[in-house]
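Student: Given the coordinates of chain A, assemble chain B onto it according to the supplied hints.
Each chain, letter by letter, is given below.
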Amino acid sequence: MTEGAPAANDARGGRRACGAALDFNRRAGAKSAPQARRPPTAGTPVPCPLPRAPLLLLLALLLTACATPRVDPVSPISAATDAASDEAGLIMQMDRYESELMHSAALVRDPALNRYLSELTCKLAGDHCPQIRVHLVRQPYFNAQMGPNGMLIVWTGLLLRVEDEAQLAFVLGHEIGHYVARDSLARWQKLKSTSNLAAALQLLGGGLIGAAASMGAYSTLYAFGREQERAADDYGLQQLRRLGYDDRRAGELWAAVWEEEKVRDRELLSSIFATHPASEERRDRLRQAAQGIDTGTMVAADPYFAAVAGQRRLWLDDEIGRRHYRQTEVLLKRLRALPRAAADHAYYTAEMYRRRARSGDTELAIEAYRAAIEHADAVPEAWRGLGLCLRQLGRDDEARDALGEYLARAPKAEDRAIIESWLR
Amino acid sequence: MSRPDPCCSPCGSDLVSRAFPKNKSSRHKVAPTGAARRCLLGLSLALLSACSSPLIKPGAQTVDGLALRTPQSWSDLGFRGQRLWTRDGASLNALRIYTDIQPGEHVFRARLRGEQDEGARFRAGLSSIEIGELIVEGLRASGLSNVVARDLRPASLNGRSGFRAELGFDTSAGLHYRGLLLAEGNDGTLSFLLYTAPAEFYFERDRATVESIFDSLAR
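If you're matching them up, the sequences are chains A and B in order.
Last residue of the first sequence: number 424 in our numbering, and the count goes up by one each step with no gaps.
Last residue of the second sequence: number 643 in our numbering, and the count goes up by one each step with no gaps.
One chain only, chain A, in its complex shape (with noise of 0.2 Å):
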């Protein structure tokens, strides 16, 4: 059993592999790998010094093969491919990924949602609509790949971190600017082209598209320089300014996303940002390309959340689940200020501080099931959790009462038999 996801800085197999010397000079100034500190011992030969001109040519080599094949942007009315192609290969693979998707435990099924989103993306993708599909996945981590036969895959922590149908416009739109691109078949060449044939075929062979586990196979497809990320940026905002959304919001998003990214442990391997990292660089040119511009004021907040009601206390449990609890206490605080979801967003931000229970943690955690407890539209839950820290600090009738609330407010609650156990 593996703990969390495979980080994606890990699994980029493209961005480590873009020249073994690179790689090389990575490992032996990397600190953490103990083969760095490790003096020479006697008989472990020493490398020779490469003379210059040389080295030049072999830098010149492996920058040559880092470069990223050039490729035709794909045409809205899309001719059907030569079967011979590199690009029919990988999208026969692509297609086969996706009927494994299709039977996998962490689609979400949602009609209604997964009709807004189609939707959504089918005003984005203009001309382009008929060739994409928008599937959901049950993942607790910022993220959202389009595959070359235009599988678009949206992982249920990036809907959790959006605030609004604007900043969701344009990550979609980013994703269709990478489509439109073909930057996948662009990434595939260049692997097959490189040492890093084996990664390509690692992915090919993979599956389990919903499994954290396989994130690291299948985000080494997606793991696209940074011109290209440049490039789908620009593209997602101008689909963003055509619809008139407000630009603004594309920048705002990546700043909230990079505050999380700013507490991740980098010893970890999980990260929230599958495939698309991110970067103060990022949010600023997001921002700066927002300015001076004449755009669209929509946001459309009130539309999103409708949209996403259903499932979004499932997605905060996924979050909170995944026990990265620095990056969850950085987005719950961004959560609590919003407008909306007052009591699940105080609920789990209790979850949190009890899960964690580190010192001080018990307290922070009754008073925000206090807060939530306020709100009319609280969670039986939150009862049960702020009975489960009176109980820990032996604040024993506080909690009787606290519980006794509970059951009465879930009468079928699953953990109803221990609880009245404790009430005996």
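In short, the hints are calculated from the structure, not lab data.
Heads up, the beta-carbon is just placed ideally off N, CA and C, and yes, glycines get one too.
Some clues are possibly wrong.
[Claimed, not checked] Simulated DEER-style distance windows between Cβ atoms: (1) B:Glu-635 / A:Pro-130: 53 to 59 Å; (2) A:Lys-412 / B:Ala-514: 43 to 49 Å; (3) B:Ala-597 / A:Asn-114: 44 to 50 Å; (4) A:Gly-404 / B:Arg-547: 22 to 28 Å; (5) A:Leu-314 / B:Asp-488: 57 to 63 Å; (6) A:Asp-377 / B:Gly-513: 34 to 40 Å; (7) B:Gly-528 / A:Lys-262: 23 to 29 Å; (8) B:Ser-636 / A:Arg-336: 16 to 22 Å; (9) A:Asp-377 / B:Asp-575: 25 to 31 Å; (10) A:Lys-333 / B:Glu-635: 42 to 48 Å; (11) A:Arg-340 / B:Glu-635: 41 to 47 Å; (12) B:Gly-583 / A:Lys-333: 50 to 56 Å.
Tutor: Chain B alone, transformed into the frame defined by chain A:
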């Protein structure tokens, strides 16, 4: 689960290499003597026997300190503190028996990456409900979807008060599983039995057997 499979340890490899020198290019190949051949044969049999999974026979058993009774036989694919009993293979039926998980250890003894790793660690003083949450989170973290615990109720395990629950989850391939859980963490360490099987056919087939094992621990 990061522990090495005890079946495949390279025990005795040194003896094997001595019996058959690796230097194939030697012009004077050394044929094993009769004594060496017998020794090698005996050793191979011993190794083969070590690599077979022990059969748990029906009746009373003491498993890592837990005194239980099983009405049917099982193959044990696990090791001390982390047993994996199965009849038809772990994906079709698996009774996992974890004992003496210490505070700070991962609930499934998965590898944790340092102090900062906030994986599903056991803590002393957790209530039954919190232990149930931890096991659910450990299962989720292994890539399973829609993991739920139902019908939690008090039960005892080896004389200590704990709880039972039913579990449900889906694999990434979309196969639905059900499970039974008996756990206790009252003495500052965590022990639990977790039975999992596909909901279709296998779960119900062995349910009564597993419940009778759980019942045998309710002393």
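Student: Hint by hint, say whether it matches the structure.
Tutor: Hint check:
1. B:Glu-635 / A:Pro-130: 53 to 59 Å: At roughly 54 Å between Cβ atoms, Pro-130 of chain A and Glu-635 of chain B fall inside 53 to 59 Å, so the hint holds.
2. A:Lys-412 / B:Ala-514: 43 to 49 Å: 33 Å, violated
3. B:Ala-597 / A:Asn-114: 44 to 50 Å: With Cβ atoms ~21 Å apart, the hint is violated.
4. A:Gly-404 / B:Arg-547: 22 to 28 Å: With Cβ atoms ~26 Å apart, the hint holds.
5. A:Leu-314 / B:Asp-488: 57 to 63 Å: 37 Å, violated
6. A:Asp-377 / B:Gly-513: 34 to 40 Å: At 47 Å between Cβs, range violated.
7. B:Gly-528 / A:Lys-262: 23 to 29 Å: With a Cβ separation near 27 Å, Gly-528 of chain B and Lys-262 of chain A satisfy 23 to 29 Å, so the hint holds.
8. B:Ser-636 / A:Arg-336: 16 to 22 Å: 49 Å, violated
9. A:Asp-377 / B:Asp-575: 25 to 31 Å: 27 Å, holds
10. A:Lys-333 / B:Glu-635: 42 to 48 Å: Given a distance of about 45 Å, which is inside 42 to 48 Å, the answer is holds.
11. A:Arg-340 / B:Glu-635: 41 to 47 Å: 46 Å, holds
12. B:Gly-583 / A:Lys-333: 50 to 56 Å: Because 45 Å falls outside the window, the suggested range is violated.
Checked against the numbered hints given earlier, this structure breaks hints 2, 3, 5, 6, 8 and 12; the rest are met.
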